[in-house]
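Engineer: Taken in sequence, the protein lines are chains B and X. Its first residue numbered 33, the first sequence is counted upward by one per residue in the working numbering. Its first residue numbered 241, the second sequence is counted upward by one per residue in the working numbering.
Keep in mind the hints are simulated off the structure, nothing from the lab. Ideal Cβ placement from N, Cα and C applies to all residues, glycine included. Just to be clear, a hint being listed does not mean it is correct.
The calculated label-pair distances, taken between Cβ atoms and stated as ranges, are [claimed, not checked]:
no.: 1; chain 1: B; residue 1: Asn44; chain 2: X; residue 2: Arg372; range: 55 to 63 Å
no.: 2; chain 1: B; residue 1: Gln231; chain 2: X; residue 2: Val448; range: 49 to 57 Å
no.: 3; chain 1: X; residue 1: Lys581; chain 2: B; residue 2: Ala164; range: 54 to 62 Å
no.: 4; chain 1: X; residue 1: Leu378; chain 2: B; residue 2: Val87; range: 21 to 29 Å
no.: 5; chain 1: X; residue 1: Leu373; chain 2: B; residue 2: Val51; range: 26 to 34 Å
no.: 6; chain 1: X; residue 1: Asn514; chain 2: B; residue 2: Arg144; range: 54 to 62 Å
no.: 7; chain 1: B; residue 1: Gln231; chain 2: X; residue 2: Leu594; range: 50 to 58 Å
no.: 8; chain 1: B; residue 1: Lys256; chain 2: X; residue 2: Ala452; range: 52 to 60 Å
no.: 9; chain 1: X; residue 1: Ile436; chain 2: B; residue 2: Arg144; range: 44 to 52 Å
no.: 10; chain 1: X; residue 1: Arg372; chain 2: B; residue 2: Asn73; range: 44 to 52 Å
no.: 11; chain 1: X; residue 1: Arg372; chain 2: B; residue 2: Asp264; range: 42 to 50 Å
no.: 12; chain 1: X; residue 1: Thr538; chain 2: B; residue 2: Ser197; range: 25 to 33 Å
no.: 13; chain 1: B; residue 1: Glu100; chain 2: X; residue 2: Ile343; range: 52 to 60 Å
no.: 14; chain 1: B; residue 1: His143; chain 2: X; residue 2: Phe413; range: 39 to 47 Å
Within a straight-line C-alpha distance of at most 30 Å, the following computed DSS-like cross-link-like pairs (lysine-lysine) qualify [claimed, not checked]:
no.: 15; chain 1: X; residue 1: Lys450; chain 2: X; residue 2: Lys483
no.: 16; chain 1: X; residue 1: Lys483; chain 2: B; residue 2: Lys109
no.: 17; chain 1: X; residue 1: Lys564; chain 2: X; residue 2: Lys581
no.: 18; chain 1: B; residue 1: Lys279; chain 2: B; residue 2: Lys258
no.: 19; chain 1: X; residue 1: Lys483; chain 2: B; residue 2: Lys200
no.: 20; chain 1: B; residue 1: Lys64; chain 2: B; residue 2: Lys200
Partner residues aside, some chain B positions facing chain X, computed with beta carbon under 10 Å [unchecked claim]:
no.: 21; residue: Leu61
no.: 22; residue: Lys64
no.: 23; residue: Ala126
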Amino acid sequence: MLQIESLHQIFNQGSINEVHALRGIDLHLPPKQFITVIGSNGAGKSTLFNVVAGVFSPTRGRIIIDGEDVTEWSEHKRANLIGRVFQNPLQGTAASMTIAENLTLAMLRRHRLGLRIGVSRARRNKLADLLAPLHLGLEERLDDQVALLSGGQRQAMTLIMASFSHPKILLLDEHTAALDPATAHRILDLTSEIVGDQQLTTLMITHNMQQALTFGSRTLMLHKGKIVLDIDAEERKGMTVQDLIDKFSTVTPEVLMDDELLLSV
Amino acid sequence: MNVENESVRLEKVSSTKPSLNLSRLFNQQWAAIGIVILLFLIAFYAVGGTRSMGVWLGAISLGISMSLVAVGVYITFRILNFPDLTIDGTFVLGASITATMLINGYSPYLTLPVAFVFGSIGGAITGLIATRLRIHSLLASIIVATGLYSINLRVMGRSNIPLLNTDNILTPFVEPFREFVRATFGTDYVRYANNILTILLIGLFVYVIKFAFDAFMRTELGLALQATGDNPQMMRSLGRNTKTYLILGVALSNGLTGLSGSIFAQYQGFSDINMGLGLIIAGLAAVILGETLLRPTTISRATLAAIIGMIVYRVAIAAALSVKVPLPGGEFFRIDAQDVKLATALLVLATLWLTRLQSNRKRQTNATD
């Protein structure tokens with residue numbers, strides 16, 4: 033479903049501030065696979081996501097989604113194939129608009145916008161039907177402004193909006209990092225439910241190693257712009273966080289584990 | 241998996257918060273209205289009571305004929321979050337096209353859509369420059385407004401066209417209405433007939449446009465415009481090209497401004513190359529005044545607030561102009577027409593500063609809640 037070929041991303045090339053953020057990423061993601069991505073700060077996780085989503089165009093390499101070479105596509109064109117949930121809960125929804133208006137815009141993805149009434153009665157009913165099984169109570173508050181919702185509620189909305197029209201790929205960029213632990217847990221449950229129901233091909237960045245091993249069926253570890261570990265489902269069975277850290281040290285013996293990685297155990 | 245949970249389940253946050261703030265909002269709103277009424281009364285008596293009726297009716301009709309400018313400013317500054325100064329040029333463009341068409345014998349009713357279309361084109365150019373060439377909106381709009389100055393001179397062929405002997409959109413209604421006023425209220429009131437007719441008919445027209453705009457904002461495209469201003473990142477990740485909607489919105493805003501320029505020229509009876517000077521400040525003042533008075537929470541309330549804001553603004557200017565303060569030497573101090581721009585600039589500055597103070601205070605009280 034997602035094919036990344038020898039991807040390089042260099043910022044400020046040729047200047048004193050040159051940063052080689054991605055150094056040859058090769059990745060093949062079969063349909064319906066749920067991958068978790070870990071790595072310390074500056075490993076290139078978010079850069080990888082941004083390049084896949086089209087925020088930056090890569091310095092070298094190709095990105096193929098569902099057989100189509102999208103390397104040169106703009107961000108908004110690619111967004112028709114990709115659902116995204118950001119770390120910041122404020123980024124995925126429009127605060128001044130109502131819940132129904134936000135969800136309607138998400139529902140209209142890939143449709144031409146016209147002069148039809150946005151939140152029509154038929155669409156309201158459809159929204160209510162779609163939301164009811166999630167037990168979030170959103171269906172009862174369709175006309176409330178999104179600004180009135182909590183961070184967790186907004187993140188739940190973003191997740192629903194990202195998955196509304198069955199994207200080819202779902203990108204979750206530490207989407208629970210800004211939430212309190214209980215809410216983060218609920219959002220992760222909702223994530224599993226949505227991804228499982230719709231059989232979405234998913235990439236999830238996380239800082240939590242336990243999460244990385246629990247969710248999905250494959251774990252990648254990025255380090256200095258390269259994939260240093262690629263652990264498949266078979267190998268992950270029975271693996272503990274300590275095993276993961278040991279494995280990381282053997283692959284990159286020169287690195288002392290940084291605090292970030294250890295603290296997130 | 242069943243996501244039956246309490247923390248993500250939506251609590252009724254809304255039911256408690258607003259009721260707490262409601263009394264405070266109410267006080268501010270009534271305080272603001274009170275101040276305006278007080279100013280009005282002072283000015284009213286300063287000039288000589290009912291004898292000054294014509295001044296006030298004139299101010300109100302002036303406000304109504306300019307009110308779509310405020311709606312335009314509301315679109316760019318509030319909905320799109322795209323500060324746009326093109327209206328200084330597109331307002332005059334609408335007026336000069338109208339004046340040129342009228343002296344060439346075109347129907348006054350045809351000038352309205354033409355002014356709207358050319359105003360939109362001016363706005364679209366600003367939008368294109370800002371999005372495609374990535375030039376800051378303020379700079380892009382100043383560039384277009386500057387260019388429009390020359391274009392407006394070309395359109396008119398001179399710097400001023402008086403419209404004394406041409407028909408305008410109200411002409412067919414004037415005589416019957418004067419007759420009606422004479423028959424119903426007596427000859428004394430005929431001198432007010434023109435202003436009252438303007439208030440009624442242009443008011444109705446503005447209301448229809450406002451109604452159509454509100455309806456547009458509820459369509460799919462309207463929602464996209466709102467979302468583009470509110471959260472462009474979200475729009476892009478939903479697969480929308482935010483540039484398209486930005487251009488559309490700025491075009492719409494300047495279309496309404498051009499339309500307003502057309503109405504204004506016909507109401508005032510002339511088109512002048514300098515009539516758009518500092519218009520943006522008047523528009524901003526109107527939007528801010530309207531928001532302070534009505535505290536709108538929906539788009540239809542906000543457009544109403546902008547229109548009312550423009551009327552209040554014109555009345556406030558008329559009030560300021562009519563203030564006569566006796567000085568010790570037997571002289572009078574008066575605010576002249578030449579002082580109006582300075583007064584407006586100070587008014588806008590003061591309101592912006594007050595709203596800043598207010599929002600700071602609100603943030604502090606919220607933090608302690």
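Engineer: Which of the numbered hints above does this structure break?
Structural biologist: Of the numbered hints, 1, 6, 10, 21, 22 do not hold.
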